[in-house]
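6 protein chains.
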Amino acid sequence: MRLGFVSAILPDLGLEEVLAFANAEGFDCVELMCWPKGKAERRYAGVTHVDAASLDAAGASRVKAVLGEHGVSISGLGYYPNPLCPDPAEAQVYVEHIQAVVRAAALLGVGTVNTFVGRDWTKSVDAQWPRFLETWRPLVAYAEERGVRIGIENCPMLFTADEWPGGKNLATTPAIWRRMFADILSASFGLNFDPSHFVWQHMDYLEPLREFGDRIFHVHAKDVRVDRERLDDVGIMATPLEFHNPKLPGLGEVQWGRFFSVLSDTGYDGPVCVEVEDRAYEGSVERRKDALRQSLRYLRNFT
Amino acid sequence: MRLGFVSAILPDLGLEEVLAFANAEGFDCVELMCWPKGKAERRYAGVTHVDAASLDAAGASRVKAVLGEHGVSISGLGYYPNPLCPDPAEAQVYVEHIQAVVRAAALLGVGTVNTFVGRDWTKSVDAQWPRFLETWRPLVAYAEERGVRIGIENCPMLFTADEWPGGKNLATTPAIWRRMFADILSASFGLNFDPSHFVWQHMDYLEPLREFGDRIFHVHAKDVRVDRERLDDVGIMATPLEFHNPKLPGLGEVQWGRFFSVLSDTGYDGPVCVEVEDRAYEGSVERRKDALRQSLRYLRNFT
Amino acid sequence: MRLGFVSAILPDLGLEEVLAFANAEGFDCVELMCWPKGKAERRYAGVTHVDAASLDAAGASRVKAVLGEHGVSISGLGYYPNPLCPDPAEAQVYVEHIQAVVRAAALLGVGTVNTFVGRDWTKSVDAQWPRFLETWRPLVAYAEERGVRIGIENCPMLFTADEWPGGKNLATTPAIWRRMFADILSASFGLNFDPSHFVWQHMDYLEPLREFGDRIFHVHAKDVRVDRERLDDVGIMATPLEFHNPKLPGLGEVQWGRFFSVLSDTGYDGPVCVEVEDRAYEGSVERRKDALRQSLRYLRNFT
Amino acid sequence: MRLGFVSAILPDLGLEEVLAFANAEGFDCVELMCWPKGKAERRYAGVTHVDAASLDAAGASRVKAVLGEHGVSISGLGYYPNPLCPDPAEAQVYVEHIQAVVRAAALLGVGTVNTFVGRDWTKSVDAQWPRFLETWRPLVAYAEERGVRIGIENCPMLFTADEWPGGKNLATTPAIWRRMFADILSASFGLNFDPSHFVWQHMDYLEPLREFGDRIFHVHAKDVRVDRERLDDVGIMATPLEFHNPKLPGLGEVQWGRFFSVLSDTGYDGPVCVEVEDRAYEGSVERRKDALRQSLRYLRNFT
Amino acid sequence: MRLGFVSAILPDLGLEEVLAFANAEGFDCVELMCWPKGKAERRYAGVTHVDAASLDAAGASRVKAVLGEHGVSISGLGYYPNPLCPDPAEAQVYVEHIQAVVRAAALLGVGTVNTFVGRDWTKSVDAQWPRFLETWRPLVAYAEERGVRIGIENCPMLFTADEWPGGKNLATTPAIWRRMFADILSASFGLNFDPSHFVWQHMDYLEPLREFGDRIFHVHAKDVRVDRERLDDVGIMATPLEFHNPKLPGLGEVQWGRFFSVLSDTGYDGPVCVEVEDRAYEGSVERRKDALRQSLRYLRNFT
Amino acid sequence: MRLGFVSAILPDLGLEEVLAFANAEGFDCVELMCWPKGKAERRYAGVTHVDAASLDAAGASRVKAVLGEHGVSISGLGYYPNPLCPDPAEAQVYVEHIQAVVRAAALLGVGTVNTFVGRDWTKSVDAQWPRFLETWRPLVAYAEERGVRIGIENCPMLFTADEWPGGKNLATTPAIWRRMFADILSASFGLNFDPSHFVWQHMDYLEPLREFGDRIFHVHAKDVRVDRERLDDVGIMATPLEFHNPKLPGLGEVQWGRFFSVLSDTGYDGPVCVEVEDRAYEGSVERRKDALRQSLRYLRNFT
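Residue numbers (the numbering used here), protein chains in the order written: chain X, 24 to 326; chain P, 24 to 326; chain V, 24 to 326; chain S, 24 to 326; chain Y, 24 to 326; chain A, 24 to 326.
I should point out that these hints are in silico values taken from the structure, not numbers from a laboratory. Given the structure is predicted, the values throughout are model-derived calculations rather than measurements. Please note that a few of the clues may not be correct.
Pairs count within a copy or across copies, as identical chains cannot be separated in the list.
[Said to hold, decoys possible] The calculated lysine to aspartate or glutamate pairs, modelled on DMTMM-like cross-linking and capped at a C-alpha distance of 25 Å, are:
id, residue 1, residue 2
1, Lys-60, Glu-48
2, Lys-312, Glu-48
3, Lys-146, Glu-234
4, Lys-60, Glu-113
5, Lys-312, Asp-288
6, Lys-87, Asp-149
7, Lys-87, Asp-292
8, Lys-146, Glu-265
9, Lys-312, Glu-265
10, Lys-60, Glu-157
11, Lys-146, Glu-167
12, Lys-146, Asp-110
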């Protein structure tokens with residue numbers, strides 16, 4: 024497997040600086056953020072290390088040259104909007120930019136685009152399933168035609184009252200994955216697997232590695248700590264950040280040795296990118312770089 | 024403590040038959056259901072062992088005579104509607120019948136009425152807090168004036184997609200209880216404590232026995248089994264019956280020895296009523312009676 | 024479910040005495056041992072409470088009359104030889120007596136005969152599979168034709184060096200059960216499920232209740248205690264009695280509350296018979312009766 | 024095994040009332056308290072159901088007659104002073120009364136006297152070992168000569184600041200037992216084994232059942248609950264009642280099924296006496312009787 | 024956070040050698056031992072890397088120069104005597120040297136002095152509380168006036184029979200800390216937090232990180248292993264080294280990932296100093312250096 | 024302790040390349056494989072980094088020169104045949120080559136030869152004990168005379184149906200070790216201790232470190248993962264690879280921190296050699312080198 028990181032944590036650095044840092048620290052690859060240029064809608068969003076909308080062949084060549092120079096590869100292009108958000112016009116903007124990121128990936132020869140399927144957070148899964156299919160069947164086909172695979176991250180995007188009750192991403196559990204992959208038949212439709220989201224959902228993250236082995240296109244290494252005494256106070260119907268904290272790998276409850284043990288047995292040898300959302304490590308760009316260094320040291324025990 | 028049962032499980036029996044059964048089997052008391060006469064809105068609802076709306080002094084005397092005859096006491100009157108349901112007219116019907124049950128309790132010399140505070144299941148806790156206070160401040164005062172205590176059961180009333188996402192009862196966690204008891208100051212406002220709801224909410228049910236010791240007016244002895252492999256498939260954002268089953272005491276995850284150990288240390292010596300919602304024991308009235316017998320045998324180990 | 028016991032523990036009592044004891048102590052049913060008259064080959068074997076070989080219609084009527092008198096039913100007829108033992112002539116004797124027990128069951132109107140499929144303990148599972156099929160296809164057909172179901176107990180019959188290495192019964196795990204039921208297609212071929220054998224084999228005994236729900240014809244309630252410090256010394260390759268002891272229900276590691284919780288949810292309402300093989304309770308017939316009384320008291324907590 | 028209780032919990036009842044209660048509730052035996060007549064020095068002490076000092080042959084006959092009448096036996100005579108207390112004169116009074124109890128046991132044909140070896144709580148174990156031997160060698164010889172066995176209870180008698188730091192009984196751990204039995208060689212010197220004291224000392228109570236199998240003369244069935252959150256605050260150097268509560272069997276942490284499982288395998292078939300020190304059950308004599316009834320019901324699951 | 028070590032483990036090295044080693048191995052800081060020159064009273068004591076008593080402005084400048092040269096900072100000055108020892112004259116010597124260390128810290132611009140509050144080990148906590156206040160109110164004031172904070176380590180200093188029963192330091196539990204900080208009101212009075220001492224005291228070491236977050240001035244990274252089989256023999260009333268061994272971080276029971284996870288969330292960014300008391304690593308100065316190297320490698324996974 | 028690896032994983036590299044790699048990566052030592060030249064009989068066998076049969080003084084000097092050049096030592100010579108295999112002629116070949124390896128060790132000044140005692144897999148332990156003694160008494164004497172110690176690895180060599188039921192090595196448990204060392208009295212007869220084999224045998228691997236401390240001549244660092252869901256299907260009577268997978272250290276169930284904690288306390292300071300049998304890391308020589316690098320990084324946390 025190749026160890027990398029998600030570039031969203033280094034918004035203050037340009038592409039070259041990101042790659043130089045990756046190279047200097049011993050990372051093999053980077054998942055480059057491709058948000059549209061402009062203002063972020065939420066923490067960790069809005070970072071643009073590759074401007075997908077404007078990327079052309081020449082631009083792609085320049086990016087490739089820089090990559091070669093730093094000896095670092097792109098694990099995937101990342102853009103995580105809500106293409107099923109309640110406002111259809113807004114959703115359409117997201118869909119179109121996903122298409123732009125797919126085109127950019129094709130130009131760059133990057134095989135994977137990571138994103139969310141989105142969710143209308145006011146509706147149940149069943150209630151919005153038809154809309155999910157309408158949106159995603161053509162999107163998956165679009166990617167498949169261009170030789171790009173779509174890796175859907177399994178984050179529920181339900182953290183606080185703002186996304187209550189359903190969160191902003193449907194693709195959160197094995198039960199829903201089975202339904203997704205049964206209803207949209209394409210080998211280009213798969214997962215960006217992050218074990219941390221399973222922890223606070225109180226779900227096993229090992230068996231799905233086996234069942235969905237051929238759907239795992241990309242892996243995020245993030246961790247979370249569930250605080251028992253907070254959970255005792257508010258219960259699982261609370262918004263999740265009331266009872267858990269995202270943390271660096273090794274500072275949470277994911278058993279990474281066990282995780283890589285099973286993952287290695289599935290034959291996975293793709294990228295594993297550290298995703299930093301640990302508020303204790305956000306004070307400065309240097310502190311965020313430290314977060315990446317520490318995560319890499321920790322993960323090197325297991326891969 | 025006095026062991027009893029919730030009469031809702033014996034809808035086919037009249038009051039005398041219920042009391043005769045209780046006496047014959049060695050139960051000390053019964054929580055008598057006081058739904059308005061008519062059709063039930065859901066499983067376990069709609070049972071009328073005392074017709075609160077029509078009860079007068081003479082009727083109360085008759086009930087007391089029957090109780091005396093069978094040597095069984097009433098642990099509380101029970102009526103569990105949703106007085107915060109989205110339709111205000113419907114909610115008002117519930118509020119008025121709660122008042123009727125309070126009056127019936129006063130007539131019968133029964134100190135406790137058990138119910139739900141209700142919830143508008145489409146709204147967050149914060150969004151409906153003002154309405155909660157408007158509804159419940161006068162209701163609690165109404166009960167207090169008549170010497171009756173209100174015991175709110177801690178069931179979230181979120182079981183399937185029908186009550187998604189919020190369920191039909193706000194009073195589900197220590198965090199919300201603290202807010203309730205801080206905002207409605209009355210020693211007549213307390214809890215009908217059921218440990219089983221804490222289990223599937225992944226919360227501790229022992230420490231709250233200590234913190235809310237003086238608020239526990241009544242106890243329900245129900246149990247649940249969380250099925251790990253089902254939870255692994257759907258996660259905690261699913262509707263709860265997707266991953267757990269209500270069961271008789273001793274067939275679930277509540278550690279009853281530990282529960283009664285802590286409860287006895289708080290000085291609680293009120294009623295503990297078996298509540299049967301175990302579908303494996305619902306085939307016939309005899310089977311449901313067996314459920315009560317088995318539960319009593321089991322609980323007699325600990326109290 | 025109906026609680027009973029396996030009559031092998033009371034070899035000193037005649038049929039009427041067994042039934043009288045069962046009735047007096049509150050058991051619903053008894054699994055009657057049908058070993059051929061003569062000497063036992065091992066502990067707990069060789070007991071004959073119904074002499075299947077000689078039973079005719081008149082004898083069956085007499086048995087039924089005695090049953091009616093004592094208000095106790097037969098949960099099944101039991102005979103546990105090794106019909107796949109290395110010596111084919113010996114095996115044939117066992118097969119023929121199994122047929123006799125099937126005929127006796129038909130005469131008595133008892134739906135279930137409990138036995139072992141047997142095993143050539145010197146051979147691997149694969150090496151003897153063809154012989155297993157040759158022996159059991161006709162035996163199962165024989166029972167099916169007579170309206171009798173065969174319940175195979177899941178005991179490996181590997182206890183000491185005498186049965187090393189394979190034991191005397193193949194039908195020990197879900198993996199083997201799947202193969203058995205796939206290769207011998209008959210609704211009359213099922214299981215006499217005993218959770219205790221799963222404990223020392225370090226297997227889960229709950230999930231198989233679900234998967235094989237429609238194959239469970241009979242249940243044995245036995246328990247075992249695995250002694251950690253003995254296992255630490257000899258490991259799982261030792262003969263099993265080097266690291267575990269059979270015990271009464273409640274004195275071992277089976278979580279009976281959990282067991283009956285899941286079993287009740289499968290819809291099982293057949294017999295559950297206490298099987299006593301606890302050496303601490305074998306000193307006298309009175310002590311063995313105490314073992315049955317204690318087991319019944321314990322199990323009544325859960326069913 | 025024979026189930027009984029320690030009579031100290033019924034100080035308000037005379038001997039006959041105690042035995043009548045035992046018989047009516049189904050207890051097999053009673054450990055009768057033999058404190059000298061007079062004022063108790065601490066909770067649960069000072070009860071005199073047999074006045075050992077004044078007992079003569081005639082008195083013994085009367086006691087035996089009453090026992091015969093009620094069909095209850097004496098499991099042992101109990102007297103639990105501190106014969107190693109710092110004041111030698113006081114200690115001598117205790118020693119002499121232990122001798123009186125031994126004589127009473129001989130007169131009554133009761134084989135076992137239960138007591139403490141005592142401790143000078145201000146001194147370490149080593150510092151007082153010579154005095155322990157001086158006191159106990161003759162005491163054990165005295166009992167042995169009269170055919171009476173001494174069962175030393177393993178309670179540290181360290182509960183609150185009053186007995187800080189060493190408690191009032193040395194015989195608290197396997198390490199000390201080995202030393203005791205090596206230094207005082209007598210088959211009449213053994214244990215009154217109470218598993219609850221091992222729980223708060225954070226020790227295993229199962230393996231010692233095996234190692235000291237032939238030294239176990241008597242068993243006390245008491246339980247304790249260790250409260251994690253209290254222990255987290257004060258640690259194990261606190262006085263023990265700061266972090267645990269004595270409770271009835273089934274309301275604490277002793278795994279009684281496991282306990283009786285191992286105990287039965289050792290061949291023990293002596294008395295097991297419920298000892299009630301649960302403050303939640305001390306309000307009235309009726310409440311204390313309920314404690315005994317509940318404990319008996321619970322323990323009957325396992326023996 | 025800054026990783027360092029306690030210099031006591033390198034008594035054979037002079038200050039410059041210690042700092043050179045720290046720098047070479049990648050440590051950020053060192054806690055320098057300031058015992059008075061002379062003979063050590065116990066293992067790990069008596070090391071003098073800064074001679075506080077004789078330090079003057081010139082000396083301080085020289086120390087600072089050496090620090091600057093090696094790029095290593097002082098995490099705190101350390102001196103761990105028993106200023107509440109039974110002999111008042113001896114205690115006074117300790118108090119005076121603590122004052123000297125405070126003065127040295129002020130001269131060096133080091134903000135923290137680490138020490139023990141001490142204990143008269145023959146007395147209970149309550150019995151010596153007045154003396155504790157008399158000694159420590161002026162000492163804390165002395166430090167506060169000089170801009171130095173006092174970090175009290177939470178080691179009970181009870182290891183063997185020599186310190187029985189109370190140990191040589193009162194400040195061992197949250198319960199006692201609350202009392203200390205309530206009775207001596209000063210923001211200069213806080214903790215040198217070592218999680219290992221909580222392990223053998225069977226206490227949680229995570230929640231106190233939150234409750235006492237603003238009192239944590241310094242952290243020691245030491246670990247211990249509790250040996251279950253030894254504890255089973257002697258129980259918690261034994262002297263602690265009878266059942267546990269101090270070990271390097273990662274070789275004991277402290278869950279360091281969890282520890283740093285919670286610690287980082289409290290906002291702590293002070294020093295974390297490895298304290299080596301692992302006898303398996305004491306054979307030579309090289310072996311002790313290895314102990315520091317290994318500890319640093321291990322801890323770098325988490326910080 | 025010295026960290027090394029077993030050279031069997033690098034069959035494609037010659038001795039010098041193996042040593043160069045070891046040196047470059049920071050390994051202290053290597054266990055060199057000494058299979059006879061020729062074809063391997065099984066995976067990981069048949070590797071010849073030292074040709075023991077032909078080694079003479081000159082050859083030994085050349086090997087020592089190469090070792091010196093690369094600064095790497097030999098932890099032991101390794102050859103793992105089955106000298107008790109059913110065919111006596113074949114067994115004799117193995118015995119003679121073990122002698123050759125002993126001679127080679129003596130020539131090289133290497134103190135330890137690692138091997139298996141072997142087993143006739145069709146026979147029970149007892150049945151072949153006499154043959155074990157006949158074979159091994161002279162072999163151990165042969166080694167002792169030459170100043171070489173024999174370290175027997177504790178691998179049962181039972182993985183699949185091919186070695187069913189007994190495996191190819193008797194020396195698998197503490198119970199058997201005690202018997203071995205009692206029957207062959209020689210300080211040159213000891214263990215090459217690999218904790219991973221204890222894991223799937225469901226045995227503790229810590230206590231034996233203490234009991235057999237003076238018999239541990241060499242340590243293998245391998246790990247395994249037991250897959251619960253596979254074990255649930257097949258049970259412990261299955262061939263072991265049906266329910267577990269060998270993995271790199273850190274990717275299995277061995278608690279390495281705990282392991283090295285206890286091992287260091289025993290005073291062991293010999294070699295610890297990584298043994299790679301993880302199929303996920305076998306694709307290429309580079310991948311196998313990565314396996315060694317990763318294992319070293321991981322183990323350096325603890326030693």
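To see whether the hints hold, each was checked on the structure:
In the homo-oligomer, the alpha carbons of Lys-60 and Glu-48 never lie at most 25 Å apart, since the shortest distance is 28 Å inside one protomer and 44 Å across protomers. When the C-alpha separation of Lys-312 and Glu-48 is checked against a cutoff of 25 Å, the pair qualifies both within a copy, at 10 Å, and between copies, at 21 Å. In this assembly of identical chains, the alpha carbons of Lys-146 and Glu-234 never lie at most 25 Å apart, being 28 Å within a copy and 34 Å across copies at closest. Taking the shortest alpha-carbon separations for Lys-60 and Glu-113, only the intra-copy value of 16 Å comes in at or below 25 Å, while the best inter-copy value is 51 Å.
For a Cα distance limit of 25 Å, the shortest separation of Lys-312 from Asp-288 across copies, 18 Å, qualifies, whereas the shortest one inside one copy, 31 Å, does not. In this assembly of identical chains, the alpha carbons of Lys-87 and Asp-149 never lie at most 25 Å apart, being 43 Å within a copy and 51 Å across copies at closest. Taking the closest pair of Cα atoms, Lys-87 and Asp-292 come within 25 Å of each other only inside a single copy of the chain (22 Å); across copies the shortest separation is 40 Å, beyond that limit. In this assembly of identical chains, Lys-146 and Glu-265 lie within 25 Å of each other by CA distance both inside one copy and across copies; the values are 22 Å within and 18 Å between.
For a Cα distance limit of 25 Å, the shortest separation of Lys-312 from Glu-265 qualifies neither inside one copy, at 27 Å, nor across copies, at 42 Å. For the identical chains of this complex, Lys-60 and Glu-157 are neighbours neither inside a copy (27 Å) nor across copies (48 Å), given an alpha-carbon limit of 25 Å. With identical chains, the CA atoms of Lys-146 and Glu-167 are never at most 25 Å apart, being 29 Å at best within one copy and 40 Å at best between copies. Proximity of Lys-146 and Asp-110 under a CA criterion of 25 Å is satisfied in both settings, with 13 Å inside one chain copy and 20 Å between copies.
Checked against the numbered hints given earlier, this structure breaks hints 1, 3, 6, 9, 10, 11; the rest are met.
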